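Novice: Please build the complex by placing chain B on the supplied structure of chain A, with the hints as guidance.
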Amino acid sequence: KNQVEQSPQSLIILEGKNCTLQCNYTVSPFSNLRWYKQDTGRGPVSLTIMTFSENTKSNGRYTATLDADTKQSSLHITASQLSDSASYICVVTADNYGQNFVFGPGTRLSVLP
Amino acid sequence: NAGVTQTPKFQVLKTGQSMTLQCAQDMNHNSMYWYRQDPGMGLRLIYYSASEGTTDKGEVPNGYNVSRLNKREFSLRLESAAPSQTSVYFCASSEAEYNYGYTFGSGTRLTVV
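Chains as they are written, first to last, in this note's numbering: chain A, 57 to 169; chain B, -6 to 106.
No lab work stands behind these hints: they were computed from the structure. Values in this document were obtained by computation on a predicted structure and should not be read as measured data. Check before you lean on any hint, since a few could be wrong.
As the list claims (entries may be wrong) - Distance ranges between label pairs, derived from CB positions: (1) B/R102 - A/N58: 22 to 30 Å; (2) A/S63 - B/R70: 35 to 43 Å; (3) A/Q137 - B/R70: 39 to 47 Å.
C-beta: ideal position from N, C-alpha, C; glycine also.
Next comes chain A alone, as it looks inside the complex (with noise of 0.2 Å):
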């Protein structure tokens, strides 16, 4: 069964640390890999998407990466940010036609000031 795990469930950090999220996934065939941020009572909004060649790929002070070969994906936030606060939610599409998305249950990182 396709499956996205990711951890930790959630995380607090202080406004300015640095924190990593991570995704396994046992999902086939692999398409690509996508990382959506989802504020409280709004939709998620895409940060990143990787191929199967791809193994980092960086939007401003998010910084993701891919090992296909142990089916894993981080998402590295740098100095974070009190707008950093939010569910980060993994996505991995499981065939070539864009319509089986698996989705992560989330990590929701809470960053104090």
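Specialist: Same frame as chain A, now just chain B:
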């Protein structure tokens, strides 16, 4: 602003009542989706429409029906609401190409009592 618009934002139903959740997008996307999000779980696909005139079941379709009214609008209907359908519902749209991400609506919080 361009995007996905969902109505209503909040709704409380009694068990057995029916209602329709509305979704419209103005990005000329071909594909539209309905997801539900429950605490501690990833978003789960209820139904999707790959293009105007087509609809298909997702992971959790029981108790729901959908209508792709035109290219812009995709509605979700609960014929006889049950407490198990208490959830946050998200509509999303995308291009059919696999490497295009979703654009999500802001969600409908539904409580069935």
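Novice: Now, for every hint given, state plainly whether the structure supports it.
Specialist: Evaluation of the provided hints:
A C-beta distance of roughly 28 Å is found between B/R102 and A/N58, which places it inside the suggested range of 22 to 30 Å. A hinted range of 35 to 43 Å holds for the C-beta pair A/S63 and B/R70, which are about 37 Å apart. Taken as a hint, the range 39 to 47 Å holds for the pair A/Q137 and B/R70, whose Cβ atoms sit roughly 41 Å apart.
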